[in-house]
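2 protein chains.
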Amino acid sequence: MTYCVGLRVEEGIIMLSDTRTNAGLDNISTFSKMFVVDQPGDRGLVLLTAGNLAITQTVWNFLEAGIWHNGVQQRLHDVPDMFDAAQLVGAAVRLVSQKDGPSLAAQGLSFDCSMLLGGQIDGGVPRLFLIYSAGNFIEATEDTPFLQIGEHKYGKPILDRVLTRQTSLIEGVALTLISMDSTLRSNLSVGMPLDLAVIRAGQLGICTRRRITEDDAYYRTIRDGWSSALRDAYQALPRPDFVV
Amino acid sequence: MTYCVGLRVEEGIIMLSDTRTNAGLDNISTFSKMFVVDQPGDRGLVLLTAGNLAITQTVWNFLEAGIWHNGVQQRLHDVPDMFDAAQLVGAAVRLVSQKDGPSLAAQGLSFDCSMLLGGQIDGGVPRLFLIYSAGNFIEATEDTPFLQIGEHKYGKPILDRVLTRQTSLIEGVALTLISMDSTLRSNLSVGMPLDLAVIRAGQLGICTRRRITEDDAYYRTIRDGWSSALRDAYQALPRPDFVV
Numbered sequence: 001m002t003y004c005v006g007l008r009v010e011e012g013i014i015m016l017s018d019t020r021t022n023a024g025l026d027n028i029s030t031f032s033k034m035f036v037v038d039q040p041g042d043r044g045l046v047l048l049t050a051g052n053l054a055i056t057q058t059v060w061n062f063l064e065a066g067i068w069h070n071g072v073q074q075r076l077h078d079v080p081d082m083f084d085a086a087q088l089v090g091a092a093v094r095l096v097s098q099k100d101g102p103s104l105a106a107q108g109l110s111f112d113c114s115m116l117l118g119g120q121i122d123g124g125v126p127r128l129f130l131i132y133s134a135g136n137f138i139e140a141t142e143d144t145p146f147l148q149i150g151e152h153k154y155g156k157p158i159l160d161r162v163l164t165r166q167t168s169l170i171e172g173v174a175l176t177l178i179s180m181d182s183t184l185r186s187n188l189s190v191g192m193p194l195d196l197a198v199i200r201a202g203q204l205g206i207c208t209r210r211r212i213t214e215d216d217a218y219y220r221t222i223r224d225g226w227s228s229a230l231r232d233a234y235q236a237l238p239r240p241d242f243v244v
Numbered sequence: 245m246t247y248c249v250g251l252r253v254e255e256g257i258i259m260l261s262d263t264r265t266n267a268g269l270d271n272i273s274t275f276s277k278m279f280v281v282d283q284p285g286d287r288g289l290v291l292l293t294a295g296n297l298a299i300t301q302t303v304w305n306f307l308e309a310g311i312w313h314n315g316v317q318q319r320l321h322d323v324p325d326m327f328d329a330a331q332l333v334g335a336a337v338r339l340v341s342q343k344d345g346p347s348l349a350a351q352g353l354s355f356d357c358s359m360l361l362g363g364q365i366d367g368g369v370p371r372l373f374l375i376y377s378a379g380n381f382i383e384a385t386e387d388t389p390f391l392q393i394g395e396h397k398y399g400k401p402i403l404d405r406v407l408t409r410q411t412s413l414i415e416g417v418a419l420t421l422i423s424m425d426s427t428l429r430s431n432l433s434v435g436m437p438l439d440l441a442v443i444r445a446g447q448l449g450i451c452t453r454r455r456i457t458e459d460d461a462y463y464r465t466i467r468d469g470w471s472s473a474l475r476d477a478y479q480a481l482p483r484p485d486f487v488v
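Sequence lines, in order, name chains A and B. Just so we're aligned, residue 1 is where the first sequence starts under my numbering, counting upward by one. Just so we're aligned, residue 245 is where the second sequence starts under my numbering, counting upward by one.
This is chain A alone, in the form it adopts within the complex:
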């Protein structure tokens, strides 16, 4: 399993992923699910992946090598805008689906992958997309400024309640870590360390990248602080008077 979350706020984009992969409960490994294109002054793009690791790594390899799209060979490093970038990721997913899908199906396995693509390319605004295993995609909007892939349920309530498009990047980082912490506590197949990337609108490039381990002082503050904050918040609520 996996948990990845992306936020699109006014100040920019935040991308956070875990690193646990597993083939059965008894075969657990650590792989980064974050792939980055960082060309300062031109573009910063972050791709987060969930699903079959053989599929998602192959998709990234095709995106790095370049694929034929709209009649030309294209890479995330040189597509002209974010809509093209999302189309290119979708095209790479479809390419791997055509290549590996029949063999997977013959083994009774589904073609299982999903991806978040966030970034900004010179001349455009920051945009955040969720690409499905069919290669089609949706985009985060003013109404719904976050997108998730993988084990999304445990970490969704806090985002539903607190996040708005006006949330700052710094607040957004705290929020994604709380959302991730709720997921880590409840689903063993999501695991540390974490990969974080932040893109500040207009700064064309990745402004912050951080590998967050168990020892990370700020993450520990969030983890311990959120648990006690939740308990305090609950303690402060009134109690029912109808229980006899």
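Hints should not be assumed to be uniformly reliable.
Covered stretches of chain A (in silico footprint by chain B; criterion: 3 or more residues with CB under 8 Å from a CB of chain B, positions within the stretch not fixed) [to be verified]:
(1) 42-55
(2) 102-111
(3) 127-139
(4) 181-190
Restraint ranges, calculated between C-beta atoms of paired labels, are given here [unchecked claim]:
(5) B/Asn266 x A/Ala236: 31 to 37 Å
(6) B/Asn305 x A/Asp241: 35 to 41 Å
(7) B/Val316 x A/Arg239: 40 to 46 Å
(8) A/Asp143 x B/Arg464: 37 to 43 Å
(9) B/Tyr376 x A/Asp42: 53 to 59 Å
(10) B/Ala461 x A/Thr221: 33 to 39 Å
(11) B/Ala461 x A/Asn70: 58 to 64 Å
(12) B/Phe327 x A/Gly24: 30 to 36 Å
(13) B/Thr408 x A/Asn70: 56 to 62 Å
(14) A/Gly24 x B/Asn305: 37 to 43 Å
(15) B/Val488 x A/Thr221: 14 to 20 Å
(16) B/Asn266 x A/Ala106: 32 to 38 Å
(17) B/Val280 x A/Gln98: 55 to 61 Å
(18) A/Ile28 x B/Asp322: 46 to 52 Å
The hints are simulated quantities; they were obtained by calculation from the structure and are not laboratory data. The structure presented is a predicted model; accordingly, all values stated were derived computationally and were not measured. Backbone N, C-alpha and C define an ideal beta-carbon position, used for all residues, glycine too.
Could you slot chain B onto chain A? The hints should help.
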């Protein structure tokens, strides 16, 4: 879908269920998923059900009418103890599985149901069980004092963080309503009104039953208060200093 939760704390047992059923997104109805045996001075039992409504209603009808179990005709109204009560529910599930399973399978439908059974019978302690569609079951323990069926993920983090065996009945009611509220906000197939039942240890019978509607003053306090408490708790956490 459904969300039902049961708590087994030192002071007794709390059972809470939603009432939404659906056959597709365009066919939504309200059915109570709570079935009660209340014989003051002798026993109080509460059964919460999730899954195919045709299955769970039939299970309850068999439990009301009595089924052959351990060589005698038994009902939840007269089983000698809670372990027998859980076995009887499991036997009723297996009976319906034998009766309806093949026809469901012929239509490509699985035999889908799960149940929570909480209660106390004279001579024993309060106990809480989760009965699976195979008729087998597990029991809540000191380590894990709550059990859930249906859409359990959204409402689990708060229980994981706050609930202990020492939580009072009154606090437990507040907790289950917070857990339910998180689920209601995130999953449209879980819906109001709610059914609540509380069993106080030693009081042999149901001490509190309540149908909680959208207009319920206490539920509105929890719903609005929890949202703002979460926002306040989040506001009080420190912000990262590594975002540049």
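Hints, verified against the model:
Counting residues of the segment 42-55 of chain A whose beta carbon lies closer than 8 Å to any beta carbon of chain B gives 0, which falls below the threshold of three, so the coverage claim is violated. Beta-carbon proximity to chain B at under 8 Å applies to 0 residues in the segment 102-111 of chain A; the threshold of 3 is not reached and the given coverage is violated. Residues of the segment 127-139 of chain A lying with their CB closer than 8 Å to a CB of chain B number 0, which falls below the three-residue condition for coverage. Residues of the segment 181-190 of chain A with a Cβ under 8 Å from some Cβ of chain B number 3, which satisfies the need for three, so the listed coverage holds.
Taking the beta carbon of each, B/Asn266 and A/Ala236 are about 35 Å apart, inside 31 to 37 Å as hinted. The supplied range of 35 to 41 Å is met by B/Asn305 and A/Asp241, whose beta-carbon atoms lie about 36 Å from each other. For B/Val316 and A/Arg239, the hinted distance range of 40 to 46 Å is satisfied, since their beta carbons lie about 44 Å from each other. Taking the beta carbon of each, A/Asp143 and B/Arg464 are about 25 Å apart, not inside 37 to 43 Å as hinted.
At roughly 56 Å, the beta-carbon separation of B/Tyr376 and A/Asp42 lies within the given 53 to 59 Å, and the hint holds. At roughly 37 Å, the beta carbons of B/Ala461 and A/Thr221 sit within the given window of 33 to 39 Å. Between B/Ala461 and A/Asn70 the CB atoms are about 60 Å apart, so this pair conforms to the stated range of 58 to 64 Å. The beta-carbon spacing between B/Phe327 and A/Gly24, approximately 34 Å, falls within the hinted interval of 30 to 36 Å.
At roughly 59 Å, the beta-carbon separation of B/Thr408 and A/Asn70 lies within the given 56 to 62 Å, and the hint holds. Look at A/Gly24 against B/Asn305: about 41 Å separates their beta carbons, and that is inside 37 to 43 Å. Between B/Val488 and A/Thr221 the beta carbon distance is about 19 Å. The supplied range of 14 to 20 Å therefore holds. One distance hint, 32 to 38 Å for the beta-carbon pair B/Asn266 and A/Ala106, holds here, with the actual separation near 36 Å.
Range check, B/Val280 to A/Gln98: Cβ separation about 57 Å, and the 55 to 61 Å hint holds. Between A/Ile28 and B/Asp322 the CB atoms are about 49 Å apart, so this pair conforms to the stated range of 46 to 52 Å.
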